[in-house]
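Please build the complex by placing chain R on the supplied structure of chain C, with the hints as guidance.
There are 2 protein chains.
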Amino acid sequence: MPAKLVRIQRSAAPGAAGPTMLAIAGDSAAGKTTLTRGLVAALGQAESTSMCTDDYHRYDRAERRSVPFTPLHPDCNYIHIMEQHLQLLATGQSILKPVYDHGSGTLTRPELVEPTSCVIIEGLLPLHTKLARACFDVTVYLAPPEDVRAGWKTARDTAKRGYTAEQVATELQRREPEAQAYIRPQQRDADIVISFGPIEGRADPPGTPLSATVLLRPTIRHPNLAAILAEAPTRAMHLKLMRDTDGSPVDALHIHGYAPAEESNIVAKAIWDALGVPEPMPASLGLLENGVCNEPVRLVQLILLYHLLRTPT
Amino acid sequence: MPAKLVRIQRSAAPGAAGPTMLAIAGDSAAGKTTLTRGLVAALGQAESTSMCTDDYHRYDRAERRSVPFTPLHPDCNYIHIMEQHLQLLATGQSILKPVYDHGSGTLTRPELVEPTSCVIIEGLLPLHTKLARACFDVTVYLAPPEDVRAGWKTARDTAKRGYTAEQVATELQRREPEAQAYIRPQQRDADIVISFGPIEGRADPPGTPLSATVLLRPTIRHPNLAAILAEAPTRAMHLKLMRDTDGSPVDALHIHGYAPAEESNIVAKAIWDALGVPEPMPASLGLLENGVCNEPVRLVQLILLYHLLRTPT
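So the sequence lines, in the order shown, correspond to chains C and R. The opening residue of the first sequence carries number 2 in my numbering; numbering runs sequentially from there. The opening residue of the second sequence carries number 2 in my numbering; numbering runs sequentially from there.
If we strip away everything but chain C, and leave its shape as in the complex, we get (with noise of 0.2 Å):
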């Protein structure tokens, strides 16, 4: 079915126009639960539904011994029927998504996901094909650099799913090639790339927070943040008109990890305010697993809080 096709049967869905779709990509340990699990905390369980597209693999751990391909590989999932699931939960509809238990590597009983007004999907392909990304209305890639990145990934893997630190060294070496070739082209297509790293010509002592470059961009419409910047100018992040990698407008914010909280704070209030609802804004923005709040990852939760919440107009 052609994606122009998706996009208008969910703007004809039968009584609402189906919920708002965010996806959040990246690879293995990028951090989508972290993200996720704010903004559901925000949101509340009525106002969303999440879930994890890597749950769509084709075969348990066992059987990967025996196929020429990594979990990252699509022929190692079940790609069209993620994607007719994600078609289903954009038109309002209930799904049963399978379930991968990532403790015990098992395929095992599927479970009911049923459409709230915000669905958050995150996961290895979620922008794969075409046709999965007409389901969304917001798109995001977690990029962190290679290295940060196999350090959570050792620090989750050797703690929640039973492997050793040279065991996780192997396989980001075995799933290198097919990272290359089809997680990380899905930065091209989101909306918005998140990627941490250290400032350069900065020596921070170690335990700094990471900074981070959140690229915008006009893909979607984001919150004014010239505008806002302009108003409360801060050290602690800065805006920057530039150029894409394919040579399109992009608005690069560029958030120092080292700045004092209160500042970005500015920033966050303003797009909260933005938003007009009553309440305050959700403590739960930015917490990291280890309950230390970190602000790129609380701008983006604020920033897709906007999009999710916002009316459409």
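Calculated directly from the structure, the hints in this document are not laboratory data. Hints are supplied without guarantee of correctness; some may be wrong.
You can't tell identical chains apart in this list, so a pair holds if it fits in one copy or across any two.
Calculated pairs, SDA-like style, for lysine to any residue (alpha carbon to alpha carbon, straight line, at most 20 Å) [as the list claims (entries may be wrong)]:
{"no.": "1", "residue 1": "K241", "residue 2": "V251"}
{"no.": "2", "residue 1": "K98", "residue 2": "A233"}
{"no.": "3", "residue 1": "K270", "residue 2": "A42"}
{"no.": "4", "residue 1": "K241", "residue 2": "L216"}
{"no.": "5", "residue 1": "K241", "residue 2": "P219"}
{"no.": "6", "residue 1": "K98", "residue 2": "Y60"}
{"no.": "7", "residue 1": "K98", "residue 2": "R110"}
{"no.": "8", "residue 1": "K98", "residue 2": "R59"}
{"no.": "9", "residue 1": "K131", "residue 2": "D76"}
{"no.": "10", "residue 1": "K98", "residue 2": "D61"}
{"no.": "11", "residue 1": "K98", "residue 2": "G202"}
{"no.": "12", "residue 1": "K241", "residue 2": "T214"}
{"no.": "13", "residue 1": "K161", "residue 2": "G106"}
No experiment lies behind these values; they were computed from the predicted model shown.
Chain R in isolation, oriented as in the chain C frame:
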């Protein structure tokens, strides 16, 4: 979605018109799997896909102990997901079907079902809703007398599903109100109803194959049995023009279990010839699990093959 819309969608499905969809409904141990097995064997795997809607159970066996209804109740099943999957199959799309393991009573890893040119759907409730019914080209209801079905169910569930005969008897009693409320009403919506039973006024010795009445409702166009039987009269069966329970005209085909197979074979051959298929009539038709051939089952299978293989005009 209105049921008529599904029919329109089906005829407008991109590329092909979608598979021919056959439903075989009936209570537990009514003979659905036997009827399906012979058809699949006759059609071959390349031509036919079969699946059971009882896999859409919402609860596993342990969970059902604390719900106030049996697996026969629509609320005990994901009926709306069953409807969704039937629509997808009817429009030529694959599904990831849930799987209920009758041996262990658990819900397990789902499996991919890809529609071929004929899709056979059997189960307890495939005709329960209007939307589900709209997905089928041909619908069958199996209605053996309750005492016959109780015998079949006891034999199967003690041999294959780990129950005792007492447990089966208790379960049948417990299910009766829901069988009456939800299963048997589907008989009304079937194009073909097959009812086994002894013939009144005869004292056939034990072991005589069951006779059957096959209602052929003019809701679809059946092979012209009136013409076939006029040309080759036989004691093995007769066709009677009568009124259905709702007063509509219907053909009732009475097949006599005591009659020699050679005679019903004339009719069987005439139906097969009407198909114009070069191959000889498949030997798998009519075979019960014990290897004995049952003439009513064989004739129903032939009529179904006629509907499945004939190009609609």
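So, going through the hints one by one against the coordinates:
1. Taking the closest pair of Cα atoms, K241 and V251 come within 20 Å of each other only inside a single copy of the chain (8 Å); across copies the shortest separation is 78 Å, beyond that limit.
2. Taking the closest pair of Cα atoms, K98 and A233 never come within 20 Å of each other, the shortest separation being 45 Å inside a single copy and 55 Å across copies.
3. In this assembly of identical chains, the alpha carbons of K270 and A42 lie at most 20 Å apart only when taken from the same copy (18 Å versus 68 Å across copies).
4. Taking the shortest Cα distances, K241 and L216 sit within 20 Å of each other inside one copy (10 Å), while across copies they are farther apart (77 Å).
5. For a Cα distance limit of 20 Å, the shortest separation of K241 from P219 inside one copy, 13 Å, qualifies, whereas the shortest one across copies, 73 Å, does not.
6. Proximity of K98 and Y60 under a CA criterion of 20 Å is satisfied in both settings, with 15 Å inside one chain copy and 15 Å between copies.
7. Taking the shortest Cα distances, K98 and R110 sit within 20 Å of each other both inside one copy (9 Å) and across copies (11 Å).
8. With identical chains, the CA atoms of K98 and R59 are at most 20 Å apart both within one copy (13 Å) and between copies (13 Å).
9. With identical chains, the CA atoms of K131 and D76 are at most 20 Å apart within one copy only, with a shortest distance of 16 Å there and 37 Å across copies.
10. In this assembly of identical chains, K98 and D61 lie within 20 Å of each other by CA distance both inside one copy and across copies; the values are 16 Å within and 17 Å between.
11. Taking the closest pair of Cα atoms, K98 and G202 never come within 20 Å of each other, the shortest separation being 48 Å inside a single copy and 56 Å across copies.
12. In this assembly of identical chains, K241 and T214 lie within 20 Å of each other by CA distance solely inside one copy; the values are 10 Å within and 81 Å between copies.
13. Taking the closest pair of Cα atoms, K161 and G106 come within 20 Å of each other only inside a single copy of the chain (12 Å); across copies the shortest separation is 30 Å, beyond that limit.
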